[in-house]
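Trainee: Single-letter residue listing:
Number of protein chains: 4
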Amino acid sequence: MIVVMKTHCREEDTQDVLTMLANHGLRGHPSRGVERTIIGVLGAVGPTATPGSIGGINPHLGETLESLPCVESVLRVSRPYKLASREFHPEDTMVEIPVPCISQGAVRIGDRGVVMMAGPCSVETEKQLMTTAQAVRKEGAVILRGGAFKPSTSPYGFRGLGEEGLKLLAKARAEFGLAVITEVMTPSDVPMVCAYADILQIGTRNMQNYMLLDEVGRTRMPVLLKRGMSATIEEWLLSAEYILSQGNPNVILCERGIRTFEKMTRNTMDISAIPLVERLSHLPIIADPSQGTGSRDLVMPMSLASIAAGADGLLVEVHPYPDEALKDGAQSLTLEQFERLMPRVLALASSIGRGLITPSRGQQPHWASPVAAVPCSL
Amino acid sequence: MIVVMKTHCREEDTQDVLTMLANHGLRGHPSRGVERTIIGVLGAVGPTATPGSIGGINPHLGETLESLPCVESVLRVSRPYKLASREFHPEDTMVEIPVPCISQGAVRIGDRGVVMMAGPCSVETEKQLMTTAQAVRKEGAVILRGGAFKPSTSPYGFRGLGEEGLKLLAKARAEFGLAVITEVMTPSDVPMVCAYADILQIGTRNMQNYMLLDEVGRTRMPVLLKRGMSATIEEWLLSAEYILSQGNPNVILCERGIRTFEKMTRNTMDISAIPLVERLSHLPIIADPSQGTGSRDLVMPMSLASIAAGADGLLVEVHPYPDEALKDGAQSLTLEQFERLMPRVLALASSIGRGLITPSRGQQPHWASPVAAVPCSL
Amino acid sequence: MIVVMKTHCREEDTQDVLTMLANHGLRGHPSRGVERTIIGVLGAVGPTATPGSIGGINPHLGETLESLPCVESVLRVSRPYKLASREFHPEDTMVEIPVPCISQGAVRIGDRGVVMMAGPCSVETEKQLMTTAQAVRKEGAVILRGGAFKPSTSPYGFRGLGEEGLKLLAKARAEFGLAVITEVMTPSDVPMVCAYADILQIGTRNMQNYMLLDEVGRTRMPVLLKRGMSATIEEWLLSAEYILSQGNPNVILCERGIRTFEKMTRNTMDISAIPLVERLSHLPIIADPSQGTGSRDLVMPMSLASIAAGADGLLVEVHPYPDEALKDGAQSLTLEQFERLMPRVLALASSIGRGLITPSRGQQPHWASPVAAVPCSL
Amino acid sequence: MIVVMKTHCREEDTQDVLTMLANHGLRGHPSRGVERTIIGVLGAVGPTATPGSIGGINPHLGETLESLPCVESVLRVSRPYKLASREFHPEDTMVEIPVPCISQGAVRIGDRGVVMMAGPCSVETEKQLMTTAQAVRKEGAVILRGGAFKPSTSPYGFRGLGEEGLKLLAKARAEFGLAVITEVMTPSDVPMVCAYADILQIGTRNMQNYMLLDEVGRTRMPVLLKRGMSATIEEWLLSAEYILSQGNPNVILCERGIRTFEKMTRNTMDISAIPLVERLSHLPIIADPSQGTGSRDLVMPMSLASIAAGADGLLVEVHPYPDEALKDGAQSLTLEQFERLMPRVLALASSIGRGLITPSRGQQPHWASPVAAVPCSL
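Top line first, the protein sequences correspond to chains L, U, Y and W. Under numbering that gives the first Met the number 0, read the first sequence as residues 0 to 377, first letter to last. Under numbering that gives the first Met the number 0, read the second sequence as residues 0 to 377, first letter to last. Under numbering that gives the first Met the number 0, read the third sequence as residues 0 to 377, first letter to last. Under numbering that gives the first Met the number 0, read the fourth sequence as residues 0 to 377, first letter to last.
Misleading hints may appear alongside valid ones.
One copy or any two copies: either way a pair holds, since identical chains are not told apart in the list.
What the hints assert, rightly or not - Calculated cross-link-like contacts (lysine to aspartate or glutamate; reagent style DMTMM-like; alpha-carbon spacing at most 25 Å):
#, residue 1, residue 2
1, Lys170, Glu233
2, Lys81, Asp296
3, Lys5, Glu65
4, Lys262, Glu86
5, Lys81, Glu65
6, Lys5, Glu233
7, Lys5, Asp296
8, Lys5, Glu323
9, Lys5, Glu71
10, Lys170, Glu335
11, Lys166, Asp188
12, Lys5, Glu234
13, Lys5, Glu86
14, Lys137, Glu95
15, Lys170, Glu65
16, Lys170, Asp188
17, Lys170, Glu125
18, Lys166, Glu323
19, Lys5, Asp91
20, Lys5, Asp322
21, Lys262, Glu71
22, Lys137, Glu335
23, Lys5, Glu90
24, Lys126, Glu323
Derived from the structure by calculation, the hints contain no laboratory data.
Assemble the whole structure, with the sequences as input and the hints as a guide.
Mentor: The following block contains the structure:
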């Protein structure tokens, strides 16, 4: 932290700041220039303080200093997150997910192979889910997505089948050997969703539902943390830090578009967040072009763009009859579109030296060549 | 709902849409123009469907229609909220809050008198809270704010004293006759917070925490619903609809700034939301210039601007020693600043034909004139 | 400027930065902490460099330093504008405009009296302009607005009457004693517009049309500089700096709304920009609630809010038959609405210790009381 | 256009609207539903009106209707641009640029081959430009970028060498056989820039400088139109319409990032704009990942993402010594980075069935294989 004093402040003001810092257990190191004094602050601020402890160092100290009349501004030097940062943890984290249809029995998200998660926005009926699961498995997906608890902007919208939906997801897993990702919306549902899912999804509206983050942090389940629709990258990594700081290292980030002034798309996918997160953090990151665009016609180009920018996987909505979907039909791919998508994802991944993880037990995707499809590296 | 067909679509396409509408229990009324056909859709869509019912009419029907190849666009005509709308409920809603320091025993938010809610961002110590409560009571506030559960962007930040904080708030109420507003962050805490508070606050990050909205909707407690930092006004009113549709009519809206590209303020207060909400909804609306700006120097002008635009009250952070605040010190008014604010709020409110509700039992604000301070109209 | 070195950089890296600074004529002052080194940079960067000089100090030096591998970040301490800053010029600037209908012959924008500028968005016909001018004069406006050159998003929209429109404005001035404000869109039109107008308006789309800013800077005409619809406050003040640095001190700022995700209003008026600019700059600032909201029903509350926040005046669209307006009819007040607005502006201004400047020669507004209407302080 | 009447409006209100439409030469077609009446409006609105004609149909008619008390809303059905739309012009437009280093003598932007435009942000010295031109030519670029007129946020920043810079660009073209793209900032400079450049660039701040658009529209020079930093896609296409409607068909669009709340990147590249524009318009579109991100480390992944999403080319800043650049050094690639970029662009383009246009006269890029590099299809 650096405290910049105002141009004409006096030596006493500087001493006041030094005293205030000392009261917080910090040592200031003033540099007195011709025009103004700046004070470098040494010692821990932020992440190294004991989590949750009110007796520890105050993470709001910067704001407080900034409100002193003699202080021009306070500049933060260190990143406010630690466990999520690449500085602290230089090697890539790979999150292992058990996947029955893979010979090795698991995939590692964040490794060289791109992972496809596909399925309906919401679980609606057994037939809808099974048809979709079979189709996406056949085309090469290894993880099935499907919402049993759905956030709906309107109280009159479809809010999901609840536990009944979770049971259908488990049934699809048993039948097709796919891992299952599904959303959990409130702390008290965490044990129930853990009982059925392989990956817990935290939705965009819950990225700052801190009690939910605490709760999934207390499990050791893989957690896919979607970016809040108006969250900065720093806030997103701080939400990951919530989960990590509870002891759960299995966090996967997911870019799903941010809210901007542009009205033609539901959100604006921030593709640059993918390489940026790769630089700032060791956590894997995937992309959700369905939510990110809101339009099925944009899913293919944005899937390819996400992989080109370095995404470790995709989360894509697929529906056998999107015109009858109870939710988000307009952004769901048809089965035909998904069929066309997969070989293109593989071709693109190959062009940047990556591969696509595909089922290796039982029937394999018809388009898969033994060279191009990456064997899971477990 | 209006379905606009593409320029060169055929009569069969129109028939397909009509059939699809019929399958959803709706009647379409086509107008065949020279260039294109448009189909007016009569019958209930959205709010009038049975809440939560999956068998009811699909609120996502519009999106589904829009994804048909022959459909250019689908235009929604009706507002998606009903109970929150002024169309459905033309008279102003006034939310009654029991306030011991008022002769009538209560204030009505949404009535002619402007209501001041003031206090620290977080409850930190008994001394801090009591000092602040006494001071704001003396200057004319009738409701005490203070967080016992605090959302913190960082897991290492101060997250509030919890139930201990609630007890201190109750103690301050007993001592100074102020009503108490405090935040509730998760469904399982609702009963506990109800036991201590007079108004439940839903924070900006929880505006779309639907299970929390359901839960406070099942009480009959007054609920202050802050606008999500990136929520449209329509989404905000839909969140109010969640609470109303559970049977709780006591909803107060609170504009607290939205996220924009401007970096000099913490948020950009959308003052125009105040008159807009007044037009669209019967619910009262107040403003939070502390969160809205993030800077104590801007609280005074933005308080006055909010009242000028029609706000029914203000929610203002005040701290006796803001430099030592554990949270948001930079945006908290000092006691002196609060003292200067109150008579100006009164003067401004008077100039637009409103008044300021002030304590009428025990000691009254020194600056209050019997003419200017509005007697509570109960 | 402060250069923050990376945690593990070596002493040679620090020396490299010091050398690089020396090559730019700057002296660095390193503070070597336990964890990292920070370098305070003394000497002039930015505004004090010779304007336009490529041989001077490079204002992009910060970016360049930041791209060095050993540098974590570069923190700017000084504001990048100088002539526009209150630091450099502590007293309020008042811009004097000649107004025939005022006894003193002029008004001073930025003084205690609020100034009303009103008229049609575009000059359309002589009848339309004269009717409006007479009406707004009668109700108390002292400056007539009206566009002769109009930016239109579509090439098929109305782009203004050009010089013919300017002539009509001059005629209205002669007849009603109002000053005239009108937009200039391109450098080559500046002399022509100067010949007819009292204030040159730079529109939101031209806030960063630097050659136009240079050109109006070379005149000594009062210039009203609207904020760009996506300009930060800093960029806006830098655009003012362009005009000031050419020698023209007569700059008036105008907040007119920024672009955000909210769709219910045409723009989101950033009311907090008004007190912020007052703190950062000595230049007067007015508000445009017509452009700022896009809806005539919001003009009254947002006018009052702007004055409450400290605006020195208002720029309001008024049209005698807004339903027939060639441009922006939906945001133009009717004459009746304008008539209702004026006494409320006066009442509000009075409540915060300001007044409203009204015509003092010839017929005066029927509602004006000698006490409330502020005599022009020239 | 569709006019939606309010729920309880009377038949006379509907008649009033029909009359108003008739006065504008339009025929309304009312559908009277149980709940409300909607009026379909047949006949031309917008693009088909005579450009610039005040006597033609008023493009603001919608707004005017919307402000009637009996009208709920007015819904636009047709797109407001015509010449730029794919509806009106279904085949892809390819813009031909003369390039001496190509055997065919020209490239076609919008064809199967991806085109690389590279060079410094600003032309600074002969040595800097020639070194860069030689290097980017050697690595496979066919168009040289470089600014002679530079918009600078600060009046104290580097604003370019002017005509001297243009002469240097022409010299580089003569020496290396590259085409030249450079910015023009004001109408009066258009003839001079045309004398030296092969493509006129309209910068982001000038996207709505309508007199400049008119002026370049009156030439037949290829124009690269950058998206305004806060422009919607519709506004961008309307600005293209300005140029097209003056008779110049040679418009290339360029996505360069939009302004959002995220602070870690200079702008947020809206990659989804690339496939969207492809759907809405026949004009070619390229991407500028240097401006789009502001950080050289993000240029490679965002270049690949842009091509994956369908961009027809890239505009990339390259500087031989970026640490000494007078402008935007932090976002300029080094020559080594550019060298690494080119083969990856080719590999990615090939994976989606496209190629990369490279010099075919004289020395060819060392990495180019005869299969992969696409022969120009002229």
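Trainee: Compare the structure with each hint and give your call.
Mentor: Quick rundown of the hints versus the structure:
1. Lys170 / Glu233: Classified as neither; 38 Å inside a copy, 38 Å across copies.
2. Lys81 / Asp296: between (39 Å within a copy, 22 Å between copies)
3. Lys5 / Glu65: both (11 Å within a copy, 24 Å between copies)
4. Lys262 / Glu86: between (38 Å within a copy, 20 Å between copies)
5. Lys81 / Glu65: Both ways: lysine 81 and glutamate 65 sit 24 Å apart in one copy and 22 Å across, limit 25 Å.
6. Lys5 / Glu233: between (28 Å within a copy, 19 Å between copies)
7. Lys5 / Asp296: between (54 Å within a copy, 17 Å between copies)
8. Lys5 / Glu323: between (63 Å within a copy, 21 Å between copies)
9. Lys5 / Glu71: both (5 Å within a copy, 24 Å between copies)
10. Lys170 / Glu335: Answer is within: at 24 Å inside a copy they meet the 25 Å cutoff, but 53 Å across does not.
11. Lys166 / Asp188: within (14 Å within a copy, 29 Å between copies)
12. Lys5 / Glu234: between (29 Å within a copy, 22 Å between copies)
13. Lys5 / Glu86: between (33 Å within a copy, 11 Å between copies)
14. Lys137 / Glu95: within (22 Å within a copy, 45 Å between copies)
15. Lys170 / Glu65: For lysine 170 and glutamate 65, the Cα distance exceeds 25 Å both inside one copy (57 Å) and across copies (32 Å).
16. Lys170 / Asp188: within (20 Å within a copy, 34 Å between copies)
17. Lys170 / Glu125: within (9 Å within a copy, 55 Å between copies)
18. Lys166 / Glu323: Within one copy only: 22 Å inside, 52 Å across.
19. Lys5 / Asp91: For lysine 5 and aspartate 91, only the inter-copy Cα distance (21 Å) is at most 25 Å; the intra-copy one is 43 Å.
20. Lys5 / Asp322: between (62 Å within a copy, 17 Å between copies)
21. Lys262 / Glu71: between (39 Å within a copy, 16 Å between copies)
22. Lys137 / Glu335: Within one copy only: 12 Å inside a chain, 43 Å across chains, cut-off 25 Å.
23. Lys5 / Glu90: This pair counts as between: shortest inter-copy Cα distance 19 Å, intra-copy 42 Å.
24. Lys126 / Glu323: within (13 Å within a copy, 58 Å between copies)
The structure does not agree with the numbered hints 1 and 15 stated previously, though it agrees with the rest.
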